[in-house]
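Student: The residues making up each chain are set out below.
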Amino acid sequence: MHLPAMPAARRAGFTALLALAAGISLTFLALPVVALFTQAPLGRLPELLSDPVLQEILSVTVKTNLIANALIILLGTPTAYLLATRHFPGRALLVTVVELPLVLPPAVAGIGLLAAFSTGGLLGAQLQEAGIVIPFTQWAVVLAITFVASPFYVRQAIASFEAVDPRLPDAARTLGAGPARTFLRVSLPLAAGGLVAGWVLAFARGVGEFGATIMFAGNVRGVTQTLTLGIYEQLDANFDLSLAIGVLLVILSAAVLLLYKLISSWRSISTSTSPFRLSRSLPR
Amino acid sequence: MALDLDFDLPLPPFTVSAALTVGAETVALVGPSGAGKTTVLRAVAGLARPGRGRIALDGQPWFDAGTGVSLAPEERSVGLVFQDYALFPHLSVRKNVAFGARSDPARVDELLERLQISHLAREKPTTLSGGERQRVALARALARRPRVLLLDEPLSALDAHTRAEIKVQLRELLDDLALPAIFISHDFRDAVALAHRAAVIVGGKIRQVGPVESLASRPTDAFVAALTGNNVLRSIATPNGAGSTLTLEDGQQLRVPARAGGPVGLVIAPGDVRVLADPPAGERPANALRGMVTGLTRLGSRVEARVGSVDVECRAEEPASAALAAGGEAWVQLPAEAITVVPLDGVGAVER
Chain F
1 MHLPAMPAAR RAGFTALLAL AAGISLTFLA LPVVALFTQA PLGRLPELLS
51 DPVLQEILSV TVKTNLIANA LIILLGTPTA YLLATRHFPG RALLVTVVEL
101 PLVLPPAVAG IGLLAAFSTG GLLGAQLQEA GIVIPFTQWA VVLAITFVAS
151 PFYVRQAIAS FEAVDPRLPD AARTLGAGPA RTFLRVSLPL AAGGLVAGWV
201 LAFARGVGEF GATIMFAGNV RGVTQTLTLG IYEQLDANFD LSLAIGVLLV
251 ILSAAVLLLY KLISSWRSIS TSTSPFRLSR SLPR
Chain W
1 MALDLDFDLP LPPFTVSAAL TVGAETVALV GPSGAGKTTV LRAVAGLARP
51 GRGRIALDGQ PWFDAGTGVS LAPEERSVGL VFQDYALFPH LSVRKNVAFG
101 ARSDPARVDE LLERLQISHL AREKPTTLSG GERQRVALAR ALARRPRVLL
151 LDEPLSALDA HTRAEIKVQL RELLDDLALP AIFISHDFRD AVALAHRAAV
201 IVGGKIRQVG PVESLASRPT DAFVAALTGN NVLRSIATPN GAGSTLTLED
251 GQQLRVPARA GGPVGLVIAP GDVRVLADPP AGERPANALR GMVTGLTRLG
301 SRVEARVGSV DVECRAEEPA SAALAAGGEA WVQLPAEAIT VVPLDGVGAV
351 ER
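The listed protein sequences derive, respectively, from chains F and W.
The first sequence: position 97 = 97 (the numbering used here), numbered continuously.
The second sequence: position 166 = 166 (the numbering used here), numbered continuously.
If we strip away everything but chain W, and leave its shape as in the complex, we get (with noise of 0.2 Å):
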C-alpha cells in the first residue's frame, strides 16, 4: 500500500510543492503555519486542485494533471480529521460517525467503542470537550474504512494532560491501522511521538524527509535543524587543515571536522552541550565557550538554561548543573563530534 504524491499547487503568495511516498507508515508533515501544510492535505483528498502533478494510490491515479484524472473527494478514499475537527453540530455523535458509514450500524458501534464514546453517542459535538471531540472525529474518518487517514494538526487544539494521553492511544490506533498516514503538526515533538518518518516543509517547499531521529541529528539546514529543536548558531567557517574554525558572531572560536567556508549554521543539540563544573585554569579546553546563564529552568530531574547563545540542557544530578546560576557566568564545551555543520540561507559551503 502506497500514496504517492508529486504535485505543485500555486497558492498565493508561493506555489506548494509536495514529492512524498508514503507507505504503510505514519508521516509528519512538520513546519511552521502557512508553511502550507493544510494544502497538502486538501490537495490528497481531493479538495484543492494542483495545478501540476499526479497523486495516486497503489498507481491508481486520483489525480494526473497529464490525463486529466481528477476524482472527487467522495471518490477518493480519504479519512480527513480537520484541524478543531469539523465535527457536525447539527447531529448526535453517532450520527456523526455513521455519516461516513452509510447503512452499516455495526462499523458505527465498533467505531464508538473502540475510540471509548459509546457513551456519547447521542451527546450534541458541542457539549464534548476537546479529547472527546477528537476522538469522534477519528471515528468519523475511520468510518468510511478510508485506504489512506489525514490528520491536520491532531493535537494543537487539546490541552497539555489529554495531548500527553491522545498521543498515546493515537499512536497505538495508527499502528494497528496500518494506513499510509500522514498528520500535520507545527510541533516537532509531535512528530517524535507519533510519526516514523517526518518532513520538514516551510514556504510551500519539503526542506528535507527522513526518519525522525535523523532529522533532528542529521539536518541538512539551518531552518530544520532549529525547528527539530537544535541550537543553530551563525559562524564564519574558515577551512583549518582537516576540518574548519567557526568563527561565532561574539568572537569565540570552536574547530569541527567538517570542511566548510563562510557563513555556516553551528548546530548541536542542548543535551549534548558539556557544561563545565570549574571555570578552566590556564588554557581554554577545546570548544569551549564562556556566557551569562539565562532562562534557568529547573523542572524534576531536568536541568534548563541557556549560556551566551547556547541552549543547555542536563541531568540535575550532574554535578556541573550547579554551575548553572541565574544572571552568573558559565562555561560550557561543544563537543566537535556532535556538532554539525549545515549551510546558512543558502549561502555558505559545507562539503559532506
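Bound conformation, chain F alone (with noise of 0.2 Å):
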C-alpha cells in the first residue's frame, strides 16, 4: 500500500506546534498553584494554620458546608429521582430550571436570594411575621452554598437514576416490593456510584463559593466568613495567612478531583446499570 508520504520534516514541525500550544497552556494553568506553594512560607504553615481566625474560619466553613450538603442530599436525591424515572409534560422545564444555578453568575445568584429573602424581598413580608432573618446570618451562608452547589448534585444524580437499566425496578416490583422499597433496595444502591461522583463535585463547588455568599452573607468573621472570603479578607491585613489557606484549598481541591475520578473509574469498571450485556458476549 501506498499512501503519499508527509515529508518527515513537516510531520516533526506539526509535533512541534501542538507541543508548544500544550507547553504554554499548561504552564499558565499551573503556574499559580506552583506559585501558591513557592510564595506561602511552608515552614510557618503549622503556625499560621493554628491562628485563632483562621480556626474561626474552618469551624463557619465545616458547619455551612455540612448542613447545606445535607439539604443538598435529602432534597436533591428524590428531586433527581423524581425527573429522572417519572415524564410528564413540563419536566424539561424543571430540569432547566434545576440546572440554571450552574450558569449563573454567582454575583446574580446572590442578588437573586436577597432580593427573595430580604425584608424587602419577595418572602420578605412572611418571613418577618415569622421572626426570621436570613440575610447576612449563617443561615445565609448555608442557602448560598445550597443554591449554587445543588445543581451539581442534582445533575449528576438525575443521570445516574437514569442510567439504572428500568427492567431493574419493574423486576422488584413483580417480586412484590412497593414503590418505596424498589427505590431503596434496587434503585438507590445502583445509582450510589453517581450519586458520590456528584456529591463530590457539588462539596467542590459548595466549599469554592464565593460570590453569592458575599452579597448574601456578607464577611462577618466567625459568622459568615468562610475560607474563601477568609483569603480575601487577610490579602490586606496578612497576606501569609491567604497564601496558607489558599494552600489548605488547593490540597483539599486536588484531593477532590482525585476522588470524584477514582469514583468514575470505579464506575466505569463496575458498570452497575447493565453488566448482561458486556458479559454475554465473552466466550465462556
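Mixed in with the good hints, there may be bad ones.
[As the list claims (entries may be wrong)] Partner residues aside, some chain W positions facing chain F, computed with beta carbon under 7 Å:
| hint | residue |
| --- | --- |
| 1 | Ala-45 |
| 2 | Ala-48 |
| 3 | Pro-73 |
| 4 | Glu-74 |
| 5 | Val-78 |
| 6 | Phe-82 |
| 7 | Ala-86 |
[What the hints assert, rightly or not] Residues from chain W that keep clear of chain F, each with C-beta distances beyond 10 Å, as calculated:
| hint | residue |
| --- | --- |
| 8 | Arg-42 |
| 9 | Leu-57 |
| 10 | Thr-67 |
| 11 | Ala-72 |
| 12 | Gly-100 |
| 13 | Glu-165 |
| 14 | Ala-178 |
| 15 | Gly-229 |
| 16 | Asp-278 |
| 17 | Gly-291 |
| 18 | Met-292 |
| 19 | Val-293 |
| 20 | Gly-300 |
| 21 | Glu-329 |
To be clear, the hints were calculated from the coordinates, so they are not data collected in a lab.
Glycine residues also receive a C-beta, built at the ideal position from the N, C-alpha and C atoms.
Reassemble the complex: the two chains are provided individually, in unrelated frames, and hints are given to aid placement.
Tutor: Structure below.
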C-alpha cells in the first residue's frame, strides 16, 4: 500500500507546534498553583494554620457546608429520582430550573437570594412576620452554598437514576416490592456510585463558593466568613495567612478531584447498571 | 385456575390487542420482534396499563377499565422472568432470590436446591453463565409463590447446547408447577418444545390460537403458516370441479381438493413434500413440480434442500434423496391431501 508521504520535516513541525501550544497552556494553568506553594511560607504553615482567626473561619466553613450538603442530598435525591423516572409535561422545564444555577453568575445568585429573602424581598413580609432573618446570617451562607452547589449533585443524580436499567425496578415491583422499597433496595444502590460522584462535585463547588455568599451573607468573621471569604479579607491584613488558606484549599480541591476520578473509574469498571450485555459476549 | 385477558393497549405505532384464557397450562405467545409480545406480559404483570378491557385471575380482576380497578404490580401474584433476566447486579444470587421471598429463608434454600444453583448462592450475577442466570431468574420469579408465571424469551439468550438442556428442564418445571404460564418466543420450535397451546401474534393482533400441533398443520393464514415452518407458495386459485387449480408464480399448476379463488397461499410442510427418485417419463404425475436444487444440507440422517421455491425435508435413507444434488434439477410431488390453502394478505377466498 502506498500512501502519499508527508515530508518528515513537516510532520515534525506539526508535532512541535502541538507541543508548544500544550506547553504554554499547561504552564499557564500550573503557574498559580506553583506560585502559591513557592510564595507561601511553608515552614510557618503549622503556625499559620493554628491561628485563631483561621480556626473561626474553618468552623464556619465546616458547619455551613455540612448543613448545605445535607440539604442538597436529602432534597436533591428525591427530586432527581422524580425527574429521572417520571415523564410528564413540563419535565424539561423543571430540569432546566434545576440546572440554571450552574450557569448563573454568582453575583446574580447573590442578588437573587437577596431579592427573595431580604426584608423588602419576595418572601420578606412572611419571614418578618415569622420572626426569621436570613440575610447576613449563617443561614444565608448555607442557602447560598445550597443554591450554587445543588445543581452539580442533582444533575449527576438524574443521570445516574436514568442509567439504571428500567427493567430492574420493574423486576422489583413484580417481586412484591412497593415503590419505596424498590427505590431503597434497587434504584438507590445502583445509582450510588453516580450520586457520590455528583456529591463530590457539589461539595467542591460549595467549599469554593464566594460571590453569592459575600452578597447575601456578607463577610462577618465568626458568623459568615468561610475559607474563600477569609482569603479575600486577609489579603491586606495578613497575606501569608491568605496564602496558607490557599494552600489548604488547593490540597482539598486536588483531593476532591482525585476522589472524583477514582469513583468515576470504579463506576466504569463495575458498570452497575447493565452487566448482562457486557459479559454475554464473552466466550465461555 | 385461569387467567383471563381481554384488553387493548395503544402502543404507537399500533394497538396491542389480546384476548386469551390460560388455564393451568403453558401458552406460547409467538411472533416476530416488535409484534407486541412483551407488552402483553407487561400488561398482565401490571407494568403497562391497557386502555380498554379486563385482566382477571380466577374471576378476581387485576385490571378492569370499566370499574377503574388496576392493581399495582406488587399486588398481583405474578412471577415474571425478563428477557436477559434483569437480575439485580448488586445482589448475590441468594439475595436476588430472597428479594421475592421476604423473610422466608427456607423457601430460598428450597428454590436454590430445586434449580441446582445452591453452589452459586454467594456469586454475583455478572459472574454467571447464561444458563445459570436463567435458573436464578426462574428461582427469583418463583420465590413469591406466584399464581401466574410469565417468561419473556426464556431461551433466546442461551447458546444452542444450554438451550437444549434448559428446554427439557423448563418443560418439567412448568408441568410440575401447573400454573397458568405464558411464555414469549419468536421461534415456533420453542413453542413446540415447551407449550401446550400457542398464540401467534403479529402487529399487536393475535392471529390464531390453538394446540401447537394444529397451528402447524392447520394454519388459518399465510403468516401463521410460514411462522410454523411451512412452505407458503403464492398462487392464483381457479375453482375446478369439486376442488381448485392453483397456478404458481412460475406457471406450474397443482390441483387441490379445497375450493378457492383468487390469490391464495399454498401451504405444505417440508416433510410432506415427496422427492421423486427419477424424472417422470411421459405424462407428468399429479402435483409434480420441477426445480433447481439449492441450499442442500445433509445433517446426520436428515436431508434439507430447496427445490425451485419449495423447501423439502427427507431422510437420508430414502433412496429418492439421492436425486437431490446441489445445482442439479429435481422433481418433487406435493400430495393434494397434505396441502392447505390459505387466504393471502386478506384477499382471495377459501371455503372451509
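Student: For which of the previously enumerated hints does the structure constitute a violation, in increasing order of number?
Tutor: The structure breaks hints 2, 8, 11 and 12; every other hint is satisfied.
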